[in-house]
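*Asks:* Okay, so the sequence shown: first residue is 1 according to UniProt numbering, each after it adds one.
Careful, some of the hints might be misleading.
As the list claims (entries may be wrong) - Straight-line alpha carbon distances no greater than 16 angstroms define the calculated EDC-like cross-link-like pairs of lysine to aspartate or glutamate that follow:
#, residue 1, residue 2
1, Lys253, Glu223
2, Lys204, Glu170
3, Lys159, Glu118
4, Lys207, Glu223
5, Lys177, Asp100
6, Lys207, Asp249
7, Lys213, Glu170
8, Lys253, Asp273
9, Lys204, Glu239
10, Lys213, Glu239
11, Lys207, Glu239
12, Lys163, Glu118
13, Lys213, Asp249
What the hints assert, rightly or not - Using C-beta positions, here's what the derived DEER-type ranges look like:
#, residue 1, residue 2, range
14, Ala54, Ser121, 42 to 52 angstroms
15, Leu290, Phe97, 25 to 35 angstroms
16, Pro242, Ser64, 48 to 58 angstroms
17, Asn278, Phe97, 55 to 65 angstroms
18, Glu259, Gly81, 18 to 28 angstroms
19, Lys241, Met46, 46 to 56 angstroms
20, Lys159, Gly88, 39 to 49 angstroms
If you're looking for bench data, these hints aren't it; they were derived computationally from the structure. Backbone N, C-alpha and C define an ideal beta-carbon position, used for all residues, glycine too.
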Amino acid sequence: MRSEMYVSMGMFHEAILDLDSANELTPTLKDQTMYLVNRATCYGGMHRHDLALADYNAAIKSNSDDAQLFFRRSLVHCIRGEFALALGDLNHTINVFSCDRFLDYFTRGAVSMSLAMEAESIDVIQPTNPFAPSAVFEMSTTKLDPMYGLLAHGSYRSKVAYKLAYRALENFNFAIKLFRAAVDGDYQHALYREYGLSWFALGKYTKAVDSFKLALSLAPSNEDAAEISLYRAMASKCERKPDFERIMDDINKAIELNEDARAYYTRAEMFLDIGSVNKAIADLNTVIALKGNDTTKEGSRISCAGRQ
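Model the full structure from these sequences, guided by the hints.
*Replies:* Now the structure itself:
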């Protein structure tokens with residue numbers, strides 16, 4: 001099919017024109033559903049997620065017995081930051097269709113963690129140690145970067161957020177049991193990264209560190225390894241007897257692999273707490289230079305992990 005070749009080449013507009021022409025020739029219900037799904041894929045490639053969502057809505061309206069349609073729509077909801085709607089689709093996929101795929105449970109766990117983050121962000125965040133010089137960072141970064149800020153202050157304190165994080169953990173536990181049936185090993189690092197985040201949210205820091213360690217050993221790229229190294233450092237900071245040398249090594253490794261504002265924020269906190277003010281200022285100046293980088297695309301992260 002020529003449209004598939006266009007999609008593989010990133011020529012989404014041309015693919016849509018071919019799909020429109022083919023749809024006029026084969027107007028059966030099955031073909032109509034496939035047409036809408038394929039066009040939604042093209043719209044996704046064009047970052048027109050509003051149009052992709054409209055096509056998935058139309059496909060589900062005409063064929064509500066296909067679990068994959070609900071799963072695919074959940075990914076679009078994630079990209080749009082509509083995590084409650086995404087969770088509804090995933091619940092429908094798992095509960096109504098009795099789906100027991102690794103991806104369904106993995107994605108539902110990740111969406112639950114994003115909802116937990118939203119719930120926790122509603123409350124006023126108090127620093128873990130309000131007397132530490134770096135406490136001001138934990139307050140400010142929560143607003144600027146929810147993922148960083150919530151990790152910085154330790155376990156979740158909102159009852160709603162804690163409950164959602166626990167549900168996420170249940171989903172990840174089930175996903176791990178199903179993982180042997182998953183065909184793509186690239187999901188391994190993402191699974192244990194999300195697993196570590198859920199343990200972190202529940203205040204189980206040593207288990208979080210262990211999960212991040214495993215995720216780090218499976219990371220397929222420098223960017224992934226940098227992100228996981230930073231998460232491990234932040235979880236290690238909350239342990240009862242933190243190993244500050246290892247924490248700094250993890251932060252330095254994260255910066256070496258991928259210069260990201262989060263990593264410089266974290267190192268600035270460490271420098272400030274040990275009295276290295278000039279080094280902290282240097283890192284904060286770097287943060288200012290990098291502030292244009294978007295590090296909070298949670299929906300895209302989930303969607304990329306869940307996309308087949």
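*Asks:* So, for every hint listed, does it hold in this structure?
*Replies:* Hints versus structure:
1. Of the supplied pair hints, the one linking Lys253 and Glu223 holds, its CA atoms being roughly 11 angstroms apart against a limit of 16 angstroms.
2. Taken as a hint, the Lys204 and Glu170 pair is honoured in the structure, with Cα atoms around 14 angstroms apart against an allowance of 16 angstroms.
3. Pair hint Lys159 plus Glu118 holds up; C-alpha atoms about 12 angstroms apart against a cutoff of 16 angstroms.
4. Proposed proximity of Lys207 and Glu223 is contradicted: the alpha carbons are some 23 angstroms apart, above 16 angstroms.
5. Of the pairs offered as hints, the one joining Lys177 and Asp100 holds, with about 10 angstroms between alpha carbons and a cut-off of 16 angstroms not exceeded.
6. Only pairs whose Cα atoms come within 16 angstroms are accepted, and Lys207 paired with Asp249 is rejected, the gap being roughly 19 angstroms.
7. The hinted pair formed by Lys213 and Glu170 fails the criterion: a straight-line CA distance of about 20 angstroms is larger than 16 angstroms.
8. With a CA separation close to 20 angstroms, the supplied pair Lys253 and Asp273 exceeds the 16 angstroms bound.
9. At roughly 9 angstroms between alpha-carbon atoms, Lys204 and Glu239 fall within 16 angstroms of each other, so this suggested pair holds.
10. For the suggested pair Lys213 and Glu239, the alpha carbons sit about 15 angstroms apart, so the restraint of at most 16 angstroms is met.
11. For the given pair, Lys207 sits about 10 angstroms from Glu239 by alpha-carbon distance, which is consistent with the 16 angstroms threshold.
12. Restraint check for Lys163 and Glu118: satisfied, since their Cα atoms lie roughly 13 angstroms apart, inside the 16 angstroms limit.
13. Restraint check for Lys213 and Asp249: satisfied, since their Cα atoms lie roughly 13 angstroms apart, inside the 16 angstroms limit.
14. Distance hint check: the CB atoms of Ala54 and Ser121 are about 29 angstroms apart, inconsistent with the given range 42 to 52 angstroms.
15. For the hinted restraint 25 to 35 angstroms between Leu290 and Phe97, the CB-CB distance of approximately 44 angstroms leaves it violated.
16. Range check, Pro242 to Ser64: about 51 angstroms between beta-carbon atoms, so the 48 to 58 angstroms window is met.
17. Judged by the Cβ atoms, the range 55 to 65 angstroms given for Asn278 and Phe97 holds: they are separated by roughly 59 angstroms.
18. Separated by about 26 angstroms at the C-beta atoms, Glu259 and Gly81 satisfy the suggested range of 18 to 28 angstroms.
19. At roughly 51 angstroms, the beta carbons of Lys241 and Met46 sit within the given window of 46 to 56 angstroms.
20. For Lys159 and Gly88, the hinted distance range of 39 to 49 angstroms is not satisfied, since their beta carbons lie about 21 angstroms from each other.
In summary, the structure is inconsistent with hints 4, 6, 7, 8, 14, 15, 20 from the numbered list given earlier, while agreeing with the others.
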